[in-house]
Amino acid sequence: DVKVTQSSRYLVKRTGEKVFLECVQDMDHENMFWYRQDPGLGLRLIYFSYDVKMKEKGDIPEGYSVSREKKERFSLILESASTNQTSMYLCASSSPGLRVQYFGAGTRLSVL
Amino acid sequence: AQTVTQSQPEMSVQEAETVTLSCTYDTSESDYYLFWYKQPPSRQMILVIRQEAYKQQNATENRFSVNFQKAAKSFSLKISDSQLGDAAMYFCAYRRTGNQFYFGTGTSLTVIP
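In order, the protein sequences belong to chains A and B.
In this text, residue positions in the first sequence follow the numbering used here: the first is -16, and each later residue adds one.
In this text, residue positions in the second sequence follow the numbering used here: the first is 104, and each later residue adds one.
Quick caveat, the hints were computed from the structure, so don't treat them as lab data.
Backbone N, C-alpha and C fix where the C-beta goes; we use that ideal spot for every residue, glycine too.
Hints should not be assumed to be uniformly reliable.
Unchecked claim - Some chain B residues well away from chain A (every beta-carbon gap over 12 Å; in silico):
1. M114
2. E118
3. E120
4. E132
5. S133
6. N161
7. A190
Unchecked claim - DMTMM-like mimics (lysine to aspartate or glutamate), calculated; alpha carbons at most 25 Å apart, straight line:
8. K40/A x E164/B
9. K(-14)/A x D21/A
10. K40/A x D134/B
11. K38/A x E132/B
12. K176/B x D42/A
13. K(-14)/A x E132/B
14. K40/A x E120/B
15. K(-14)/A x E164/B
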């Protein structure tokens, strides 16, 4: 079974803090994704990566950055957290041949 | 940009009955993939069913089936013999050739005992 693991289920941070969300997949997938999920807005793509050290902006990259130093790990970074970044964050991975995304359990981030 | 529209924010169904969730999408591509994902409360998002655009036959997975109308750009999900465990948020998703997926805003399904 494919496993996508997000390091935290719940996270509470203060405004202005630097926040790291970690995601690890165990299936040697080339592609990894970070989404933000908000009620009524569905899933919106923040960034994705199709290879180590490669990244592309999604629909809402502002205020976020990413890091992919190893194939299995994809990190989402909030340089200076703000209250409007309070949300559920979902990580996903896939392989071009699979044509399916596998999701982590999500991290619910609250910025106070 | 591709868009995926789910016009039903909430739906409910009686246990053992059938329910259909709607999804439309906008694309100029001819080769793409469509998906329905299920997200149970506080649980992981999982794939329910997928459809390749080049296939005319509608995909089926046990009690789940789709009605894929390519010309109309419509991709609805039918759940037969609904069970309490089907209660979840359902997302329709589109993937074109390449890596990006596009998701709808979701339909929250309630199953009434």
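Right, here's what the structure says about each hint:
no., hint, in the structure
1, M114, "holds, 15 Å"
2, E118, "holds, 26 Å"
3, E120, "holds, 26 Å"
4, E132, "holds, 14 Å"
5, S133, "holds, 16 Å"
6, N161, "holds, 17 Å"
7, A190, "holds, 17 Å"
8, K40/A x E164/B, "violated, 34 Å"
9, K(-14)/A x D21/A, "holds, 24 Å"
10, K40/A x D134/B, "holds, 23 Å"
11, K38/A x E132/B, "holds, 24 Å"
12, K176/B x D42/A, "holds, 22 Å"
13, K(-14)/A x E132/B, "violated, 31 Å"
14, K40/A x E120/B, "violated, 42 Å"
15, K(-14)/A x E164/B, "holds, 22 Å"
Comparing the model with each numbered hint stated earlier shows that hints 8, 13 and 14 do not hold.
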